[in-house]
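With the sequences and hints as input, model every part of the structure.
Here's the letter readout for the chains.
2 protein chains.
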Amino acid sequence: MQRWKVKIAYDGTEFSGWQVQPEKRTVQREINSALGRIHQGQQVNVTASGRTDAGVHAKGQIIHFDSPLQIPADRWSKALGAHLPDDIQIIESVPVPAGFHARFDAVAKEYRYFVRCGQERDVFSRHYAHHVYKQLDERAMQSALDHLVGTFDFSSFCASNTNVVDKVRTLFEARVERISDDQVVFVFRGNGFLYNMVRIITGTALAVGTGERDTGEMVTIRDARDRRFAGKTAPGHGLYLWDVYYKDV
Amino acid sequence: MQRWKVKIAYDGTEFSGWQVQPEKRTVQREINSALGRIHQGQQVNVTASGRTDAGVHAKGQIIHFDSPLQIPADRWSKALGAHLPDDIQIIESVPVPAGFHARFDAVAKEYRYFVRCGQERDVFSRHYAHHVYKQLDERAMQSALDHLVGTFDFSSFCASNTNVVDKVRTLFEARVERISDDQVVFVFRGNGFLYNMVRIITGTALAVGTGERDTGEMVTIRDARDRRFAGKTAPGHGLYLWDVYYKDV
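Going line by line, the protein sequences match chains A and B. The first sequence: position 36 = 36 (full-length UniProt numbering), numbered continuously. The second sequence: position 194 = 194 (full-length UniProt numbering), numbered continuously.
Since the hints were made in silico from the structure, they are not lab data. Here the structure is a predicted model, which means the values were calculated and not measured. Don't take every hint at face value.
Said to hold, decoys possible - Cross-link-like lysine-lysine pairs, in silico, DSS-like; alpha carbons within 25 Å at most:
#, chain 1, residue 1, chain 2, residue 2
1, A, K24, A, K59
2, A, K7, B, K134
3, B, K134, A, K134
4, A, K134, B, K78
5, A, K59, A, K7
What the hints assert, rightly or not - Selected chain B positions facing chain A (Cβ under 7 Å, derived; list incomplete):
#, residue
6, A9
7, D11
8, Q89
9, E92
10, V123
11, F124
12, R126
Every residue gets a Cβ at the ideal spot worked out from N, C-alpha and C, and that includes glycine.
Next comes the structure, spelled out in structure tokens:
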């Protein structure tokens with residue numbers, strides 16, 4: 001039995017997120033089904049670094065699974081890819097020790113959130129970036145985000161319907177960059193993320209960027225530890241799970 | 001009655017091209033249907049600068065139609081947009097003289113063709129760029145394309161199932177540019193294009209770019225005036241109708 005660590009990308013547009021749900025097209029279901037075919041119908045369970053919601057994309061999701069098959073590392077990606085739909089892509093397959101765990105061994109994750117702004121929508125990015133009709137002040141947004149770098153109780157930026165008790169997380173990086181006149185990208189890197197955390201932080205930062213809220217309010221919102229203080233949850237289709245970091249492998 | 005010249009963009013992925021066909025989702029059908037709703041069910045015919053095939057995109061398709069409605073220019077785009085699906089976008093609406101014709105008055109058109117190259121496919125561009133697994137020599141491709149700038153009989157670059165008799169066209173520009181390590185774009189501007197002309201020229205240029213064919217062969221192919229001499233027709237999803245030029249309006 002060999003454990004495999006596999007990096008995948010997917011276009012979340014036509015998926016009801018990562019996790020298997022009855023009668024829904026999900027990424028996990030497609031991968032389970034591909035692994036089943038490769039293993040002649042034998043079920044192989046796959047574990048991801050974490051779930052992604054409907055419409056959310058991945059550039060570097062990490063999964064693991066165990067296989068009795070003697071397939072060389074450089075051929076696993078092609079073998080899997082051959083059984084996957086064209087909105088899932090295998091980027092790399094690496095053999096790892098049996099103790100490796102895609103979720104529990106992750107030491108950091110990076111998410112990116114893409115936003116287009118201005119009067120004109122762009123038909124080609126409708127599934128790949130959130131559109132805001134106003135211009136965005138990225139300096140104001142960056143000042144607001146600076147208040148979130150460090151270790152805090154992020155309860156204000158967590159969807160209220162969650163079971164997680166400990167809401168303390170560390171953000172190593174919270175950055176916004178202008179890509180072009182009508183595009184910005186948010187980059188978040190941290191040791192863990194609460195449910196909807198990136199989307200709520202982004203929604204709040206966008207309210208600062210359009211001038212609806214002041215930069216300094218970010219501190220009040222953060223310290224309130226109450227979801228009702230923060231802004232809207234930005235939509236899923238602007239969000240990308242960009243990378244997952246591990247200690248050794 | 002006012003004639004309107006309207007610039008539209010569309011993501012061709014989920015359309016069976018421009019032209020109305022029974023039981024197919026086409027761009028023309030969606031626009032007819034939107035105009036019908038705005039005009040309380042009265043049919044309004046729409047004419048485009050030309051057809052686009054299934055999967056082909058438009059950044060600047062031009063259409064015209066006549067309307068008895070007194071809607072100001074700055075509100076036509078919103079009025080139409082409100083009745084259109086989100087893969088069609090109205091960019092600009094301009095009132096024009098009744099004699100204006102989107103197809104017959106076009107003096108030039110620009111098409112662009114996007115190609116990604118290299119070992120790694122990109123899941124996010126699968127509908128928006130053609131993927132070639134080899135590296136591309138853009139200098140060789142440019143030298144080949146240089147032989148096509150001017151006025152020629154382009155029969156070699158025209159799909160054989162066409163009724164057009166006169167296959168002489170003028171290309172003002174035939175250019176390839178590297179966008180990044182794994183992306184190139186072809187730009188074609190001419191006074192008219194034969195059926196599949198851009199896709200056949202691109203397919204032939206790509207054969208030069210990968211080294212399968214020599215630069216100089218482009219002259220032989222051009223002068224043969226025979227479709228069988230040229231390369232493959234590149235797939236539709238890399239192609240964009242980029243702009244249409246008119247004399248005055």
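Structure versus earlier hints - violations, ascending order
Violated: hints 3 and 9.
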